[in-house]
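Chemist: Chains as they are written, first to last, in the working numbering: chain A, 1 to 227; chain B, 1 to 67.
Each hint should be verified, as a subset may be incorrect.
Stated by the list, open to error - Residues on chain A that point at chain B, a partial pick, calculated with CB under 7 Å: (1) ALA31; (2) ALA33; (3) TYR40; (4) LEU42; (5) SER52; (6) VAL55; (7) ALA57; (8) VAL184; (9) ARG187; (10) GLU211.
To be verified - Below, a list of computed lysine-lysine pairs in the BS3-like style, where the Cα atoms sit at most 25 Å apart: (11) LYS28/B / LYS50/B; (12) LYS97/A / LYS113/A; (13) LYS44/B / LYS67/B; (14) LYS170/A / LYS44/B; (15) LYS49/A / LYS50/B; (16) LYS170/A / LYS97/A.
Said to hold, decoys possible - One-sided excerpt, in silico: chain B residues whose CB lies under 10 Å from chain A: (17) MET1; (18) VAL21; (19) GLY22; (20) TYR27; (21) GLU33; (22) GLU41; (23) TYR43; (24) LYS44; (25) SER45; (26) TYR46; (27) ALA57; (28) VAL60; (29) PHE61; (30) PRO66.
Hints in this document: simulated from the structure, not taken from any laboratory. Note that the structure is a prediction, hence the values are computed from the model and not measured. We put the beta carbon where it would ideally sit given N, CA and C, even for glycine.
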Amino acid sequence: MANHSQFGFQDASSPIMEELVEFHDHALMVALAICSLVLYLLTHMLTEKLSSSTVDAQEIELIWTILPAIVLILLALPSLQILYMMDEVNEPDLTMKAIGHQWYWSYEYTDFKELTFDSYMVPTTDLPRGHFRLLEVDHRVVVPMESPIRVIVTADDVLHSWAVPSLGVKTDAIPGRLNQTSFVATRPGVFYGQCSEICGANHSYMPIVVESVPLTNFENWSSLSSS
Amino acid sequence: MRRLLARRMKFHLLGAFLVSVGCATLYKFGVAEPRKRAYAEFYKSYDPMKDFQAMRAAGVFESAPPK
Numbered sequence: 001m002a003n004h005s006q007f008g009f010q011d012a013s014s015p016i017m018e019e020l021v022e023f024h025d026h027a028l029m030v031a032l033a034i035c036s037l038v039l040y041l042l043t044h045m046l047t048e049k050l051s052s053s054t055v056d057a058q059e060i061e062l063i064w065t066i067l068p069a070i071v072l073i074l075l076a077l078p079s080l081q082i083l084y085m086m087d088e089v090n091e092p093d094l095t096m097k098a099i100g101h102q103w104y105w106s107y108e109y110t111d112f113k114e115l116t117f118d119s120y121m122v123p124t125t126d127l128p129r130g131h132f133r134l135l136e137v138d139h140r141v142v143v144p145m146e147s148p149i150r151v152i153v154t155a156d157d158v159l160h161s162w163a164v165p166s167l168g169v170k171t172d173a174i175p176g177r178l179n180q181t182s183f184v185a186t187r188p189g190v191f192y193g194q195c196s197e198i199c200g201a202n203h204s205y206m207p208i209v210v211e212s213v214p215l216t217n218f219e220n221w222s223s224l225s226s227s
Numbered sequence: 001m002r003r004l005l006a007r008r009m010k011f012h013l014l015g016a017f018l019v020s021v022g023c024a025t026l027y028k029f030g031v032a033e034p035r036k037r038a039y040a041e042f043y044k045s046y047d048p049m050k051d052f053q054a055m056r057a058a059g060v061f062e063s064a065p066p067k
């Protein structure tokens, strides 16, 4: 989860999120270069060290057409690379469904056992000491670590969005439509997310918690939960 | 004063370009590269099972309570 006053991304827990963090650093570097250029010219213009009074400026017109085109290509190439990487079909070990309701998520693991459950936020009045306010749920999503997981996301009523920032996942839940996303949790742990599409009064109170555990523990949990 | 604007503009445009490249380089080697290195170092000697056992003992997991 995010710390208080956190400014940047949460630590990446999947390879895609690591790529996204790297791309964000690249894009921010480009944005910083452009902003510093504009700030430099602006301060010099405002302090009369430079003027924009020109008559003929063919060379600079050429420069400030070609340079931005190069910058855009430098941004587009890694962006498209990650976009296509996210869409790769990678033979998932597990497929689960996440269904958005007002105002809770329900999950279905129908691969090998009929395992379905609802996941409601734990109200603050019932929250055990040391647990995270507005983030904990009564039934967590448990997945095996280091395995490709496919999530089919849909909704029962209005638009929702299933998002877990640490795993680099955000997929809209649209009634009547099945959206697919996938992730690999590279390490064990508990990853938090929140509904990311406005869905009514309790939109802020339907969080998502993903627990990534070794395969043996996942199998124990699934056999206990479905019995 | 002859061609003053042209001279100044050439000088400051070059200066602006150097400042922007300098800022980008500072960010790249001050933030981006250390972050990449931090991720690589973390995963170089990372033991997921050891991490899992430590988190399990601390009672983090609901599906895997402490032994």
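Chemist: Decide, hint by hint, whether the structure agrees.
Modeler: Cross-check of the supplied hints:
With a cut of 7 Å, the hint placing ALA31/A at the interface with chain B is violated, because the nearest CB-to-CB distance is about 9 Å. Using the Cβ-Cβ criterion of 7 Å, the hint placing ALA33/A at the interface with chain B is satisfied: the shortest such distance is roughly 4 Å. At a threshold of 7 Å, the smallest CB-CB gap from TYR40/A to chain B is about 4 Å, leaving the interface hint in force. Here the hint on LEU42/A is broken, as its CB sits about 10 Å from the closest CB of chain B, past 7 Å.
Because the closest C-beta pair between SER52/A and chain B is about 9 Å apart, greater than 7 Å, the hint is violated. Of the supplied interface hints, the one on VAL55/A is violated, with its beta-carbon coming no nearer than about 10 Å to a beta-carbon of chain B, more than 7 Å. This hint is violated: ALA57/A has a C-beta 9 Å from the nearest C-beta of chain B, more than the 7 Å allowed. The interface hint given for VAL184/A is broken, as the beta carbon of that residue sits about 12 Å from the closest beta carbon of chain B, more than 7 Å.
Interface restraint check: ARG187/A against chain B, minimum CB-CB distance 6 Å, threshold 7 Å, status holds. With 7 Å as the threshold, the beta carbon of GLU211/A comes within range of chain B, its nearest partner Cβ sitting at about 6 Å, so the hint holds. Of the pairs offered as hints, the one joining LYS28/B and LYS50/B is violated, with about 33 Å between alpha carbons and a cut-off of 25 Å exceeded. Proximity of LYS97/A to LYS113/A is assessed by CA-CA distance (about 13 Å); at most 25 Å being required, the pair is judged to hold.
For the hint pairing LYS44/B with LYS67/B, the CA-to-CA distance comes to about 29 Å; that exceeds 25 Å, so the pair is violated. For the given pair, LYS170/A sits about 28 Å from LYS44/B by alpha-carbon distance, which is inconsistent with the 25 Å threshold. The suggested pairing of LYS49/A with LYS50/B is violated, with an alpha-carbon distance near 62 Å, which exceeds 25 Å. Between LYS170/A and LYS97/A the alpha-carbon distance is near 14 Å, which keeps this suggested pair within the 25 Å criterion.
Taken as an interface hint, MET1/B does not check out: its beta carbon lies about 13 Å from the nearest beta carbon of chain A, beyond 10 Å. The beta carbon of VAL21/B is positioned within 10 Å of a beta carbon in chain A (closest approach about 7 Å), and the interface hint is therefore held. For the restraint placing GLY22/B at the interface with chain A, the shortest Cβ-Cβ distance is roughly 8 Å, inside the 10 Å limit, so the hint holds. Residue-level restraint check for TYR27/B holds (minimum Cβ-Cβ distance to chain A is 5 Å; threshold 10 Å).
Against a cut-off of 10 Å between C-beta atoms, the interface hint on GLU33/B holds, since the closest Cβ of chain A lies about 9 Å away. The closest approach between the C-beta of GLU41/B and any C-beta of chain A is roughly 13 Å, which is over the 10 Å cut-off, so the hint fails. For TYR43/B, the shortest C-beta to C-beta distance to chain A is roughly 8 Å, which falls under 10 Å, so the interface hint holds. A least Cβ separation of about 13 Å between LYS44/B and chain A goes past the 10 Å threshold, and the interface hint is therefore violated.
Using the Cβ-Cβ criterion of 10 Å, the hint placing SER45/B at the interface with chain A is not satisfied: the shortest such distance is roughly 13 Å. With a cut of 10 Å, the hint placing TYR46/B at the interface with chain A holds, because the nearest CB-to-CB distance is about 7 Å. A distance limit of 10 Å between C-beta atoms decides the matter here; for ALA57/B the minimum to chain A is near 12 Å, and the interface restraint is violated. At its closest, the beta carbon of VAL60/B sits 6 Å from a beta carbon of chain A; the interface hint therefore holds under the 10 Å criterion.
The interface hint given for PHE61/B holds, since its Cβ lies 6 Å from the closest Cβ of chain A, which is under the 10 Å cut-off. Restraint check, PRO66/B versus chain A: the minimum CB separation of about 12 Å is more than 10 Å; hint violated.
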